[in-house]
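**Student:** Here is what each chain is made of, one letter per residue.
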Amino acid sequence: MKTIISTSPFLHHQVTTPKIMWEVVYTLIPVLGVSVYYFGMSAILVSAAAVAGCLVAERVFDKEKKAVGDGSALLTGVLLALCLPPGFPLWMAFLGGTIAIGVGKSLWGGLGQNVFNPALLGRAFLQAAFPEAITTWDLPNGHYWGVRGTNLAMPFFKGQPVDAVSTATPLSQLKFSHEVTSTMDLLLGNVSGSLGETCGILLILAGVYLVLRKIINWRIPVSILLTAGVFSGILYAINPQYPSPQFTILAGGMLLGSVYMATDYVTSPLTSRGIWIYGFGIGFLVVMIRVWGGLPEGVMYAILLMNAVTPLINRFTQRRVYGHEK
Amino acid sequence: MSSNLFGSLPTFPHGVHPDEYKELACHRRIERMPFVEVYTLPLSQHLGAPSKPVVKEGQKVRRGELIAEPGGFVSVGLHSPVDGVVHAIDLFDHPNGQVLPAIQIRTDRFSTQQLTIQPGTPPEEMTTPEFIKAVQWSGMVGMGGAAFPAHVKFSIPEGKTCKYLMINGCECEPFLTCDHRVMVEYARDLVDGTRILAHFLKPEKVYIAIESNKPDAISILKEKTAEMDFPMEVIALEVKYPQGAEKMMISAILGTEVPSGKLPLDVGVLVSNVGTAVAMSQYFRQGLPLVERVVTVSGTAVKRPSNLLVPIGTPMRDVVDYCGGITVPSPRILLGGPMMGMVQKNLDVPVVKGTSGILALTEREVRDLDTYSCIRCGRCLDACPLFLNPARMGLLARKGLWEELEENNIMDCFECASCSFVCPSGIPLVQSFRVGKAMIRERKSKK
Ligand code: SF4
Ligand code: SF4
Numbered sequence: 001m002k003t004i005i006s007t008s009p010f011l012h013h014q015v016t017t018p019k020i021m022w023e024v025v026y027t028l029i030p031v032l033g034v035s036v037y038y039f040g041m042s043a044i045l046v047s048a049a050a051v052a053g054c055l056v057a058e059r060v061f062d063k064e065k066k067a068v069g070d071g072s073a074l075l076t077g078v079l080l081a082l083c084l085p086p087g088f089p090l091w092m093a094f095l096g097g098t099i100a101i102g103v104g105k106s107l108w109g110g111l112g113q114n115v116f117n118p119a120l121l122g123r124a125f126l127q128a129a130f131p132e133a134i135t136t137w138d139l140p141n142g143h144y145w146g147v148r149g150t151n152l153a154m155p156f157f158k159g160q161p162v163d164a165v166s167t168a169t170p171l172s173q174l175k176f177s178h179e180v181t182s183t184m185d186l187l188l189g190n191v192s193g194s195l196g197e198t199c200g201i202l203l204i205l206a207g208v209y210l211v212l213r214k215i216i217n218w219r220i221p222v223s224i225l226l227t228a229g230v231f232s233g234i235l236y237a238i239n240p241q242y243p244s245p246q247f248t249i250l251a252g253g254m255l256l257g258s259v260y261m262a263t264d265y266v267t268s269p270l271t272s273r274g275i276w277i278y279g280f281g282i283g284f285l286v287v288m289i290r291v292w293g294g295l296p297e298g299v300m301y302a303i304l305l306m307n308a309v310t311p312l313i314n315r316f317t318q319r320r321v322y323g324h325e326k
Numbered sequence: 327m328s329s330n331l332f333g334s335l336p337t338f339p340h341g342v343h344p345d346e347y348k349e350l351a352c353h354r355r356i357e358r359m360p361f362v363e364v365y366t367l368p369l370s371q372h373l374g375a376p377s378k379p380v381v382k383e384g385q386k387v388r389r390g391e392l393i394a395e396p397g398g399f400v401s402v403g404l405h406s407p408v409d410g411v412v413h414a415i416d417l418f419d420h421p422n423g424q425v426l427p428a429i430q431i432r433t434d435r436f437s438t439q440q441l442t443i444q445p446g447t448p449p450e451e452m453t454t455p456e457f458i459k460a461v462q463w464s465g466m467v468g469m470g471g472a473a474f475p476a477h478v479k480f481s482i483p484e485g486k487t488c489k490y491l492m493i494n495g496c497e498c499e500p501f502l503t504c505d506h507r508v509m510v511e512y513a514r515d516l517v518d519g520t521r522i523l524a525h526f527l528k529p530e531k532v533y534i535a536i537e538s539n540k541p542d543a544i545s546i547l548k549e550k551t552a553e554m555d556f557p558m559e560v561i562a563l564e565v566k567y568p569q570g571a572e573k574m575m576i577s578a579i580l581g582t583e584v585p586s587g588k589l590p591l592d593v594g595v596l597v598s599n600v601g602t603a604v605a606m607s608q609y610f611r612q613g614l615p616l617v618e619r620v621v622t623v624s625g626t627a628v629k630r631p632s633n634l635l636v637p638i639g640t641p642m643r644d645v646v647d648y649c650g651g652i653t654v655p656s657p658r659i660l661l662g663g664p665m666m667g668m669v670q671k672n673l674d675v676p677v678v679k680g681t682s683g684i685l686a687l688t689e690r691e692v693r694d695l696d697t698y699s700c701i702r703c704g705r706c707l708d709a710c711p712l713f714l715n716p717a718r719m720g721l722l723a724r725k726g727l728w729e730e731l732e733e734n735n736i737m738d739c740f741e742c743a744s745c746s747f748v749c750p751s752g753i754p755l756v757q758s759f760r761v762g763k764a765m766i767r768e769r770k771s772k773k
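Read top to bottom, the protein sequences are chains A and B. The first sequence lines up with residues 1 to 326 when you count with this note's numbering. The second sequence lines up with residues 327 to 773 when you count with this note's numbering.
For the record, the hints were derived by calculation from the structure and aren't laboratory data. Heads up, a few of these hints could be off.
[What the hints assert, rightly or not] Computed list of lysine-lysine pairs in DSSO-like fashion (alpha-carbon distance at most 30 Å, straight line):
| hint | chain 1 | residue 1 | chain 2 | residue 2 |
| --- | --- | --- | --- | --- |
| 1 | A | Lys326 | B | Lys528 |
| 2 | B | Lys770 | A | Lys326 |
| 3 | B | Lys763 | B | Lys479 |
| 4 | B | Lys548 | B | Lys528 |
| 5 | A | Lys19 | B | Lys725 |
| 6 | A | Lys326 | B | Lys763 |
| 7 | A | Lys326 | B | Lys588 |
| 8 | B | Lys528 | A | Lys214 |
| 9 | A | Lys326 | B | Lys548 |
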């Protein structure tokens with residue numbers, strides 16, 4: 001009789017890291033689906049390029065040749081794609097993916113070691129490197145099966161694609177021409193924007209699902225949205241020129257950021273108290289940047305900034321150990 | 327007291343909810359295991375000094391007769407579980423993996439095994455020192471698993487008082503049902519043993535703490551305690567692991583913490599297991615020293631999961647065979663529960679006083695996990711009942727940074743394994759803390 005030897009515990013909660021990553025990816029499928037509905041094949045191509053970039057980088061930098069299996073690079077790729085415009089050149093999306101994993105994760109020592117959210121870091125890089133391409137927004141419902149010409153742009157070749165119609169996102173409309181997009185359009189996603197920044201309802205549902213499945217910490221989206229809502233509500237009450245709370249929450253990357261980006265385990269605080277501080281910081285910064293900053297959108301920078309102080313937050317919000325004085 | 331705001335039961339913060347697997351055995355009445363041919367009784371079945379044999383090879387002994395006396399204050403007596411002959415006093419395999427001195431007794435096949443001993447002085451007429459000595463010589467240990475001599479625990483040092491006596495019937499480890507059955511079937515003895523203890527410890531109040539998944543035990547004990555002339559409260563606690571850990575029980579019931587490095591008695595609490603309370607009554611009323619105990623034999627690889635009243639010293643193989651044997655070719659055999667128990671590679675070792683369960687699990691329940699990097703998900707922090715940071719401790723342990731580990735309070739960790747249970751990356755957290763604690767202790771002793 002052969003007995004298997006090891007040490008306790010012998011039971012395990014059946015949730016594993018790859019299962020978590022995959023489950024998050026599954027919740028993104030409907031989000032991507034809506035994206036395809038509004039933006040056509042381009043949505044799929046941009047996502048595929050970003051994912052490919054991430055997987056290639058993961059494979060190249062990972063010495064043990066094991067990390068691809070944990071699903072985290074795939075997730076990073078999808079998340080990166082979701083904050084890119086539909087007409088984004090594919091080679092840039094691919095490059096963004098390699099930067100997200102290479103610089104955003106592997107350089108720090110791999111999964112769990114990085115300070116900044118890799119997808120957002122990749123996106124920040126793209127914003128700095130290709131400020132024009134990343135702010136070229138397309139109208140939804142434009143080309144259903146067709147592929148946007150801009151998608152196929154080649155590196156270092158600055159041919160102006162024929163069918164690029166640049167429109168304004170709800171945020172830039174408000175910021176630069178004071179036009180307000182209707183709440184209904186924001187909820188349904190009938191607006192221009194990045195791939196995943198359009199359909200509010202779906203993102204809210206995905207968030208609720210992930211909270212119920214205990215995959216993300218409810219405190220993160222709640223604290224961010226609450227802070228942003230209250231803060232913008234106060235401003236709106238003082239002067240209705242400012243964005244309304246519902247607009248603040250629904251427009252741009254707010255929902256995508258609070259549900260998927262800020263909740264990244266590695267780059268958010270470990271303690272509940274820390275999470276409240278973190279969420280408050282993000283919500284507050286988003287409104288600050290959107291209202292007084294030079295950019296229409298602030299979610300990415302707000303999250304990256306709070307990522308940077310997360311180690312500090314962790315240090316100062318450590319829970320008192322049982323049986324110890326403060 | 328923990329919140330009752332939402333009608334929830336008292337409990338401690340954090341902790342985990344493993345599958346219970348209690349249904350395998352919790353409705354099985356306690357059966358008496360038939361006597362077997364040979365019994366092996368290690369002289370060390372408790373923490374502390376080994377007992378000293380008082381019999382010689384070839385000597386006849388009666389069931390319940392003293393065969394070894396306490397080898398010091400932190401040591402207890404040992405008794406023969408059967409009428410028989412001392413066959414050998416030698417080195418034998420011990421369930422802890424070592425080879426240790428033991429007394430082996432061959433059963434007298436013609437004996438009826440009737441108990442011939444009589445109870446001594448009623449405990450109510452004893453002085454406290456007499457009581458403590460009687461408990462020591464009766465071989466009593468904590469039956470929850472650690473097997474700490476009961477009389478040492480009951481000896482309250484000068485300057486300390488036992489304000490609350492807590493009888494621990496939580497049994498939060500999955501699979502184990504022996505305490506559950508004992509509470510249901512020996513409720514009278516349990517309450518009586520508790521009363522005896524209360525007579526000497528003089529607490530203001532007695533709590534009998536039971537997880538709410540044992541409603542039959544709760545109701546029968548409520549009935550029995552109501553008849554007592556002493557304030558005893560049966561308190562139902564939330565089903566959560568490790569609810570049965572002393573510190574967790576205290577924070578659930580009283581809402582206080584035991585300061586780091588101190589004992590429950592420092593906050594006026596003494597915790598005793600239900601099995602110990604029952605054994606007290608059986609000794610003082612019937613004269614039966616600790617020669618048998620209830621053991622859960624369970625697990626999905628056991629043919630007939632059971633709760634058995636097993637004479638101490640019975641070979642585990644006989645116990646498992648009595649339950650129909652094992653149904654799979656390569657089971658994982660454990661002593662105790664799956665969260666804190668130990669793997670047993672050898673079934674040719676005896677049941678000892680601290681054996682609460684013998685489990686045989688299949689690979690389906692205990693698959694080896696793939697390990698991934700720590701994703702800092704915080705699940706282990708939310709699980710740790712002591713509010714430690716297992717993720718950080720795990721990192722330090724892997725790097726061998728013992729000093730920093732100590733600064734991160736690793737010595738407080740009581741190895742409940744909640745952190746390893748939840749870690750999605752399959753990181754052997756508690757496993758590395760065991761090593762870390764041993765390293766730190768070793769470095770201390772060298773200094
Ligand atoms: S549960 Fe595991 S993966 Fe999560 S923080 Fe703890 S050690 Fe890291
Ligand atoms: S094993 Fe130690 S660190 Fe892990 S949960 Fe239990 S007490 Fe906390």
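**Student:** Now, for every hint given, state plainly whether the structure supports it.
**Tutor:** Verification of the hints:
1. Restraint check for Lys326(A) and Lys528(B): the C-alpha separation of about 33 Å exceeds 30 Å, so the hint is violated.
2. For the proposed pair Lys770(B) and Lys326(A), the alpha carbon gap of about 26 Å is at most 30 Å, so the pair holds.
3. Our distance criterion of 30 Å between C-alpha atoms is met by Lys763(B) and Lys479(B), whose separation comes to about 24 Å.
4. Simply put, Lys548(B) and Lys528(B) have alpha-carbon atoms about 21 Å apart, close enough for the 30 Å limit, and the pair holds.
5. Taken as a hint, the Lys19(A) and Lys725(B) pair is honoured in the structure, with Cα atoms around 27 Å apart against an allowance of 30 Å.
6. For the proposed pair Lys326(A) and Lys763(B), the alpha carbon gap of about 23 Å is at most 30 Å, so the pair holds.
7. Taking the CA atoms of Lys326(A) and Lys588(B), the gap is about 17 Å. The hint holds against a cut of 30 Å.
8. For the suggested pair Lys528(B) and Lys214(A), the alpha carbons sit about 46 Å apart, so the restraint of at most 30 Å is broken.
9. Distance check on the hinted pair: Lys326(A) and Lys548(B) sit about 39 Å apart at the alpha-carbon level, beyond 30 Å; violated.
Hint violations for this structure: numbers 1, 8 and 9, all remaining hints satisfied.
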